[in-house]
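Line order of the protein sequences matches chains A and B. With the working numbering applied, the first sequence covers 5 to 326. With the working numbering applied, the second sequence covers 225 to 593.
Treat the hints as calculated values from the structure; they're not laboratory data. Just so it is clear, CB atoms sit at the ideal spot from N, CA and C, and this is done for glycine as well. Hints are supplied without guarantee of correctness; some may be wrong.
What the hints assert, rightly or not - Calculated Cβ distances over 12 angstroms to all of chain B for the following chain A residues:
#: 1; residue: 13
#: 2; residue: 16
#: 3; residue: 42
#: 4; residue: 87
#: 5; residue: 91
#: 6; residue: 158
#: 7; residue: 178
#: 8; residue: 184
#: 9; residue: 198
#: 10; residue: 256
#: 11; residue: 259
#: 12; residue: 265
#: 13; residue: 276
#: 14; residue: 290
As the list claims (entries may be wrong) - Which bits of chain B does chain A cover? Going by a derived footprint, with three or more residues having C-beta under 8 angstroms, they are:
#: 15; region: 230-242
#: 16; region: 255-262
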Amino acid sequence: MDYATFLQILDSTLRLATPLLLACLAGLYSERSGIFDIGLEGKMLVAAMATGAAAYLSGNVWVGTLVGIGASLIFAGIHGVASITFRGNQLISGVALNFVASGITVLIAQALFGQGGRTPPLDGPARFSELTLPGAEAARAIPIIGAFYAEVLSGHTILVYVGLLCVPLTWWVLYRTRYGLRLRAVGENPASVDTAGISVVRLRYSAVAITGILCGLAGAYMAAGLQAGFGREMTAGRGYIALAALIFAKWRPWYALWATLLFGFFQALALRPDVITRTFGFDIPSPALDALPYILTVVVLAGFIGKATPPRAGGEPYVKER
Amino acid sequence: MTKLPRWADVVLVPLISLLLAAVISALVILALGESPWEAMKTMADGALGSPYAWGYTLYYATSFIFTGLAVTVAFHAAMFNIGGEGQAQMGGLGVALVLLALPVWPHWTVALLAAALGAAVFGAAWAAIPAWLQAKRGSHIVITTIMFNYIGAAVIVYLLVSVLRPVGQMDPATARFPPGTHLPTLNEMPILNLIFVKKVPANVSLFVAIAACFGVWVLLWHTRLGYEIRAFGKSDRAARYAGISATKVIMVSMLISGALAGLMSINNVMGESGRLLQNSSEGAGFIGIAVALMGRNHPLGVFLAALLFGFLYQGGAELGLWTTIPIELRTVVQGLVILFTGALDQMVRMMLGFFFFRAPERTATARAA
């Protein structure tokens, strides 16, 4: 593989890793607060549909993004009501919402546009445009690093950079703010947080809301950044890959970045079978690359490479009085 | 909150959940600009209106009985097996490998026995790794079974595209199964052919599914193993203290669960398509979750809930054919049923409790007056 091809693959790695990263960080907030969320997939999907529809109708990608976030927040709210207020089974709630999302997105898109459950293609201001980072053209002159800067880092849509910035931000919120301390505590031992006079319910709802916003961004990126418009089942299991990445990352923000970049790299490689054959000298079937994130996650879950310990109170509803 | 009477918990909670799901679906249909009443009539006509329609409803129900039972057995051991989809597809691979092994089969009964064994073994094998990881390494079974769904799908795609596809065939699928493997459909069976005149997909697997319901009932409530599974599900610590092996219960219940999910392939892969296609289970593994929740984890309930979802599936397909309501409506209803019966069940109970516990108050005030 020559350097130019390598840069091309890294470039699409970053593109493909962004929805995974946003969804993975989304899951991180919820699960750190003790609410398991299998419903990342569903929230991304409704956000993608809502973004596609609203961006087309308004002709403005930012209106689309806001509506997408709103749709994702509604689903997050239902998940919150089921798992916080009514102390239901969080796993079942997530699964259920994924099914509802899978069906309702097609129903709405079909009712609005009648194009077989798609939204019409987006272009111009209804889509995120690619940004050129300052000095990208000038940097091409510098060997190796310059090309990397111009080809890989520059020329993405704004949500790619938002996703990358969310990593240090999440780290800072989680480990350097009072809110983060409480959030981590409520996922480990909600009774102690309650004893300190802090509302467990409010904290968990806030975490679920952040999850909704980030999943909304992930969905908006899918519909208006990565692709131009919504298509049925367009998230194609990315919510589950993000969940896998979250476990792979052991519920930590920086690890989440590396995990999603790794899984994005697999996706980028799967798109270029010619490169694989040239580099390794033999074919790796693309289903094998598709399955790799899942296999790696099972290996990590099995504890063969380090131990992934989930937040202790995860999945258990908090009952204040018995 | 005081507990509801048992009959209310068993009968009313699923019914109210269903009603809530139906009301929301009716609103969705209204929003789509169609009449919910007409939609209901189309569904009832297309799924229950004739023996031909029943033939399809029962065909879907057969698959859902198997996957519903699979989720039920795991639930009784306090495990949530989301891997029914992958296990069912692997079961399909088992059916295909067994049936393609012989050039001609002597009789369909022999073929059915062999294929069922293949389906069960492959389904169980696909559940075995998550089960072992749960038992020995404490890896959460929900996450591992989800991962195994995707890994299973990738394995099947690879095998169909690169290994099992006959030379010269374009679509990724195995060769057609050899003669002697065709399962009698309801219209080909004596007596039943008086009712089912036209060709229907429902086949002899339906009776295997009903037998499986009975088998699961005997297993769970009338054997020592079933007792161990239920005791472990209620309280794993108490079960351990009583000398029940956690590893054994987790492994055995998941193997049975996987085998049941795999068994659905005798209905769709062997009975209907006659060869293994991609995504053969078509979501039936996931519907098993809704069926088990709706059926309150009892084989009789699973049977009834499977019929209901068979109706929903066939009826939903009819809606897609005759109205502008997309077929995806059934996915929404499926999700809503899972949501209300599995996650918002407390809310439904609270609503019911409101009616139940207002009544004694009223009689008390009446007596005081």
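Taking the hints in turn, this is what the structure says about them:
no. : hint    : verdict
1   : 13      : holds, 21 angstroms
2   : 16      : holds, 20 angstroms
3   : 42      : violated, 7 angstroms
4   : 87      : violated, 7 angstroms
5   : 91      : violated, 6 angstroms
6   : 158     : holds, 33 angstroms
7   : 178     : holds, 22 angstroms
8   : 184     : holds, 25 angstroms
9   : 198     : holds, 20 angstroms
10  : 256     : holds, 17 angstroms
11  : 259     : holds, 17 angstroms
12  : 265     : holds, 20 angstroms
13  : 276     : holds, 18 angstroms
14  : 290     : violated, 9 angstroms
15  : 230-242 : violated (count 0)
16  : 255-262 : holds (count 3)
This entry does not satisfy hints 3, 4, 5, 14, 15, going by the numbered hints stated previously.
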